[in-house]
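S.K.: For reference, the chains in residue letters:
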Amino acid sequence: MKTPTLLVAVWLAFAAGAVAAAAEVGFDDPALESRYQALTHEIRCPKCLNESIAESKAPVAADLRREVRRLIGEGKSDDEVKTFLSERYGDFVLYRPRMTPTTFAVWAAPFVLLGLGGLVFWRILAARMNQPLDEELPP
Amino acid sequence: MLRYLAPLAILVFIGVFFYFGLQRNPNDVPSALIGKTMPTFSLPSVTDPQNLVTSDALAGRVSLVNVWGTWCVECRHEHGYLLELARAGVPIYGLNLKDDRTAAIDWLARLGNPYVSSGFDPEGKAAIDWGVTGAPETFLIGSDGTILHKHISPLTAQVWQKDFVPVLREHCGPADCPFLAAAGSR
Chain L
1 MKTPTLLVAV WLAFAAGAVA AAAEVGFDDP ALESRYQALT HEIRCPKCLN ESIAESKAPV
61 AADLRREVRR LIGEGKSDDE VKTFLSERYG DFVLYRPRMT PTTFAVWAAP FVLLGLGGLV
121 FWRILAARMN QPLDEELPP
Chain U
1 MLRYLAPLAI LVFIGVFFYF GLQRNPNDVP SALIGKTMPT FSLPSVTDPQ NLVTSDALAG
61 RVSLVNVWGT WCVECRHEHG YLLELARAGV PIYGLNLKDD RTAAIDWLAR LGNPYVSSGF
121 DPEGKAAIDW GVTGAPETFL IGSDGTILHK HISPLTAQVW QKDFVPVLRE HCGPADCPFL
181 AAAGSR
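Residue numbers (our numbering), protein chains in the order written: chain L, 1 to 139; chain U, 1 to 186.
Hints listed in this document are in silico derivations from the structure and should not be mistaken for laboratory results. Predicted, not measured: the structure shown is a model, and the values here were computed from it. Glycine residues also receive a C-beta, built at the ideal position from the N, C-alpha and C atoms. Treat the hints loosely; a few may be bogus.
[Stated by the list, open to error] Here are some chain U residues pointing at chain L (derived, C-beta under 10 Å):
(1) P30
(2) G35
(3) R101
(4) A103
(5) L111
(6) G112
(7) G145
[As the list claims (entries may be wrong)] Now the stretches of chain U that chain L is said to cover, found in silico as 3 or more residues with beta-carbon under 8 Å:
(8) 15 to 29
(9) 75 to 83
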């Protein structure tokens, strides 16, 4: 009977976390609340690098959620909220980094790679097209 | 020829990329504030709530701003070295993060107080302005109020020698940082 007890304990621990997260007071206005949700899912927690501040349990993430809520409540735009955070924690906290000279490579890389791939594909195709058609098929 | 060289070139490129990329510490998040003027703050002192600790107090000399809290185990670890630096004459200002005032006062009384003064920031408001992610963190502030360096994790003699002393050598003559000879040359 040891395993079920452990499972229940683990489940309770997660449930407690869920309750704690839900305990934050939301906005009455659903539009503001959805902006808050979208923003906090797009801001990276500076302490625990692979989580957004919406998901993270780090104390600093809770502080940043509170700041985002405060700024939205003060009527700041999404862009102003992001600027506020990136001035303090760097572009690093923005999951969708801004286009700057340092982040240019990040933005350009997919297109450059797609272009390169297309070029290789086209060259292979062109080479095959140039092969004589009357080549014998393998048996 | 290209048919064989191109994949090799790509392999080498990716190899070099990973060789350097994987050696980097993902927790070394560069501070956005290096080279900028320190954010202003005005916080009640930990030991004397009637008095304010403000960023103005730091002006005119090189100093450290150390983020600490009694809940922070690694702060306990670096405390001895902070006391040593303070004895050598380094002005250290504390930013007490999300702490209990009684516990903080008790900590300073029990372990010694390396700080010129410590600001009490129970909600971490000033900490957010400083881009603080936790404790311990230590900022090196120039005499003109510029943030010269930031260190995350405990400040040890090794870290001081390796990361702080070179920056100090660059930014202050012996007259500005008299402690450099005392704390820096061992």
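S.K.: Take the hints in turn and mark each one as holding or not.
M.R.: The hints, checked one at a time:
| no. | hint | verdict |
| --- | --- | --- |
| 1 | P30 | 6 Å, holds |
| 2 | G35 | 12 Å, violated |
| 3 | R101 | 18 Å, violated |
| 4 | A103 | 16 Å, violated |
| 5 | L111 | 23 Å, violated |
| 6 | G112 | 26 Å, violated |
| 7 | G145 | 17 Å, violated |
| 8 | 15 to 29 | holds (count 3) |
| 9 | 75 to 83 | violated (count 0) |
Hint compliance for this structure: hints 2, 3, 4, 5, 6, 7 and 9 are broken, all remaining hints hold.
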